Amino acid sequence: MRRTDYVIKRIFFAVMTVFVAITINFLLFRALPGSAVTNFARAPHASPELRATLTHEFGLDQPLWKQYALYLNQLVFHGNMGISFADNQPVTSELAGKLKNTIGMVFVGTFLAIVIGVVTGFLAAWRRGGAVDHASTSSAIVFYALPTQFIGMMLILLFASVLPTAGMRNQVNAFFSGGSTWSNLKDIGLHMILPAVTLALTLFGEYTLVVRSAMLETLGEDYVLTARAKGLPQRRIVVSHALRNAMLPIATLVALSLGFIVAGAILVEIVFSWPGIGQAVYEAVATRDYPMLQGAFLILTLSVVFFNFIADLLYFKLDPRITE
Amino acid sequence: MKTVEPAVVEGTALEARPSRGGHPIVRVFRERPSAVLGLSLVLFFVLVAIFGPALAPYSWTQPSGAVFAPPSAQHLLGTDGSGVDVLSEMMYGGRTSLIVGFAAALVAMIVGGGIGLLAGYSGGATDVGLMRVTDYFLVIPDLVLMIVIATVFGPSLSHVILVIGLLLWTTTARIVRAQVKSIRERVYVRRARSLGASHRRIVFQHILPQVAPLLIATTVLTIAYAIFDESALAFLGVGVPGVSWGTMLEHAFERTAMTEGAWWAFVPPGLAIGLVVIGCYLMGQAIEDALNPRLRVAHLSIRTWRIRKAPAATTHLDPEPDREEAV
Amino acid sequence: MRARVSWLALCAAVAVVAAGCTSGGSQGSGSGGHLTIGTTSNIDTLNPFVTFQQNSYAAFEYIYPQLVQYNDQMSDFLPDFAQSWKTSSDGLTWTFDTAPNATWSDGQPLTAEDAAFTFNTILKYGDGPAGNLIGGLANVTKVEATGPNTLVVTYSVPAANVLPQLQGLSILPEHVWSQYATGDGKALRQFPNVPEDGQPLVSGGPFELASYTKDEVAIFRKNPTFYGTKPSIDGFGLQYFSSDDAMVSALRSGQIQAAINLPPTAMNTLKGDGSLTVYDGPGLQFRDFIINSSPNKTQNLELLDPKVRMAMEYAIDRDAIVQTAWLGYAKPGSTILPPAAGVWHDPNIQPLPYDIDKANAILDAAGYKRGPDGIRIANGHPMDYTVLFAKDESGAGDTAFQIIQNGFQQIGIKITQRKEDNDAVNTAILGDNNTYNTFDLAMWDWYPCCPVPDFILSVVLCSQYGSWSDTGFCDQRYDKMYDQQGVTRNQAARVALVYSMQKLLYDARPYIVLSNDDQLNAWSTGWDGFVESSLGLFNNLSKASLTQVHPA
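Chains as they are written, first to last, in my numbering: chain U, 0 to 323; chain Y, 1273 to 1599; chain R, 30 to 581.
Looking at chain U on its own, in the form it has when it is part of the complex (with noise of 0.2 Å):
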């Protein structure tokens, strides 16, 4: 029953904040200096009518309420995040293909994060105090420390030779050579390789901490103590206990910061030129590309309350006593 209520009510609460999401998205772009119509007009061979055609075309000449309902409307019954100033083109079908870049590059970018971040922070916690602890809690505490921007230009000015880095893929040469499925991946995941590193490292650090300090706390467990009383070999204790433990923790806290990993990716296909949401974001603000902005903001919202609702049931399930 207890956790209907609560599952009920964090729906609710994650709708309610995607509609306030909405309607702030929507309220801020209108808000902005200048408008989509004047960027656009200032175009070779252009007629005084055509700003007014723009005008009318995007719906800017009506008032804000009725846009909003409008908008409101098309988002919620059509899935329609409205036509691309840019280029006149649906907003959903270009975004898609974006995020679909962009996921790729995140996901294995946070897996590797993950990766060195439990192993670090368990070596760390198994041997604790010592060197490798000290090695491992500083390099966590150095690479959160720098700037993600920073970390891919090292990246770059090192690897720059030996790894493609810009771009996602050379489709050029996989057209006129004749490229079979394997050889594209190969090319995608050999661009992927350094932004999905820096990405990596920029997010390992709060893991590698956070499963230190889990495996530290259930360490201390009493049951762990009694186990060894027993004269249970260490490795095992830990592994089987304080290892298990701590991957809970972890998961909700990946869930968590997932939604703000895509937001941050912007920076890394900035850096890398990946083709994603980041840059489609960062190109629509240059272009006054509203609709564009909209669904590109409306989307990284809804992927952090998806992560966050994710989160909020696995606390649950980790501690069922936890009150809202």
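Hints listed in this document are in silico derivations from the structure and should not be mistaken for laboratory results. Everything numeric in this text was worked out from a predicted model, so none of it was measured. Where a beta carbon is used, it is the ideal one built from N, C-alpha and C, also for glycine. Check the hints yourself; a few may be wrong.
Stated by the list, open to error - DSS-like mimics (lysine-lysine), calculated; alpha carbons at most 25 Å apart, straight line: (1) 336(R) x 532(R); (2) 99(U) x 1453(Y); (3) 153(R) x 171(R); (4) 215(R) x 65(U); (5) 532(R) x 509(R); (6) 398(R) x 336(R).
Stated by the list, open to error - Which chain U residues face chain Y? A few, computed with CB under 7 Å, are given here: (7) 16; (8) 19; (9) 21; (10) 96; (11) 140; (12) 146; (13) 148; (14) 280; (15) 284; (16) 304; (17) 307.
Chains Y and R: place on chain U using the hints.
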């Protein structure tokens, strides 16, 4: 039961803390070398920010050498993509970055602290309402919102400070609220209330002093976030006007420093940001640890995962069970 | 520790493998092959009714027929789809003989009917969906295909710029587009015009658009049915990079074989790279310092004083800007038609030299006394202004601003930079109801599409208030000269008029042209045959470059 070596459990719930005299914050620095290291790092850059520009060898806006000249006797850190001396830029830019960091953290502290205090103390509808607002702010992707807002308000120092501060207050608010709530229920506060003390008196005499160290710890960590965010905003082209460490990174990127091999144009600002963040982190974490080893709140993550109740045999400041809800 | 070591080993292994895989492009023995061209300027859309980007127009040059194209010197016109043409004696009727037996890439006949359809559609919807293109058909009253290979275009005035205007219009396949040219024509702007289902876009130029991934790459493949000189290569790709560094890095590592619009900071390294050929030639783009010239200005009216403007120009060190901001890869600016505009550039206009003393003397004589802090006083207030700075100008422009600021400071004028997005700057410039009443100074640039004067001269017309004008300049004499040159078919006479216009503009100084960017391109030494121009090796002016390029 076998006695537990302190080494195994140091830093965990079971660590015993000898009580000593002195203000909690001062004690932190006395007991922990990491906090001293952190303070030194931050202090070093603060001093550079204050005195640096007077000592800077060249102008940080006018070119004084060839473009991307490597470090030499004339230019200790070389020149950047516009021929401007990097060392001078670092000194002056540090001032801007630190001002943004400290000021934004201050905004976050005041707003977050205020809201957290209000919510924690008032309880009821005010609490729920304020926390809802906080929740909504929490889930909005920071960077995207910052880009948009910075564009709306225009690129000025005060605007950037406000933007960053107004997105970082949420963590502080939650932490302060939790702390205020638990303090409010303490015996002596209840007693003060029943004796008819005014709210104002209770807040200022009883609650605020208790909250202050935690607030300071959180604010120190917020400084780290703020400096980080400043560099991100600058990289996206919506940072402060003029020179800052963040704009130095952006400049180097735009002027193709990497393919030119001009590492001196971006390594100094990147490392500087890193060192200041490390410094803030060490300090903040040390204070946090000392105050309440189980209340690992900010701890690099915006939410805490720690809700498991620790065994009773401990001495610490908070007699309440650690019912840290999902912050 | 174990996990970490194997992770490092994995990295190293991958790096070794990757090192062998970074080169791209293929080279045959004189023909065939494919290459990738890198750019930092995006194609926003391939719909001619929607696009605003330079590279979109360049793409159209290669996939669509145009009636004419520029010659290599950019001084005259060569046949493209129109093999010959003649004008009636009154200059009102132009007859074009188009290539016979031509087909589109899908086999459908390509005839003068397609040209007539395209132009008539633009005319019909010029007030709305075709507003983007109608300027190319200014003064056209009638377009008709009198036979499969004959196109007749009728004008209301003896227009002098027919060929350049028509050169800019791509001919679209009627059998693809006619379904959209109905009703209110909105569908014209909604059609994505991209390859679909693995099928190339129906094309009529030397290449067909075989594949397109937005914000990534556009792939062009040789079109065997092209009516003109077929390309040597099998095809090429245009790859978009969101930063200069990424593009230069890709060029140096061999990921791409050519790059356009290179940043000046990379030039020395690229020149030293033996595997690359570097081109540094005159360009059309120029950077300007804008002084609000609108009669509607409400404050700081001293900026309308020609003496103040002249003093300002004396205080701008163009050589320093060229050397420091552009690293020598630009020329000092003079008029809005730079040398790359060929015969249209007025060589008699000599920009004022950098002379602080002269500037101070002028301002002193004009009565602008210095205040206690060294800033001059005008009309009771200090000469302290904000310069609206368009984001586009970041980088070199920041350095240029500092140089200008420094110079102005020495003559007692204080300026502050206000950097904003292009759109915000445009809004600020327009003022209230497009009266240009508020701003004082700005810094921006122009990148004319073509080496002909019509467009760039038009941006200071009175009629461009609220549209192209970013100066608020309005002078009826200038407008009259503009109209006149538009119908002066005698080249010499027209040139004289254009020179007069440049002189008028130069003396009035709504713009102080700071510098004129060089066109910087580079390509791998494995390739030869690119035809360079003031707009680079991939441009919308002629089909020669990518048709003639071949493996070296």
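Hints and how they fare:
no., hint, result
1, 336(R) x 532(R), "16 Å, holds"
2, 99(U) x 1453(Y), "44 Å, violated"
3, 153(R) x 171(R), "11 Å, holds"
4, 215(R) x 65(U), "22 Å, holds"
5, 532(R) x 509(R), "15 Å, holds"
6, 398(R) x 336(R), "14 Å, holds"
7, 16, "5 Å, holds"
8, 19, "5 Å, holds"
9, 21, "11 Å, violated"
10, 96, "19 Å, violated"
11, 140, "6 Å, holds"
12, 146, "5 Å, holds"
13, 148, "5 Å, holds"
14, 280, "6 Å, holds"
15, 284, "6 Å, holds"
16, 304, "5 Å, holds"
17, 307, "6 Å, holds"
Hint violations for this structure: numbers 2, 9 and 10, all remaining hints satisfied.
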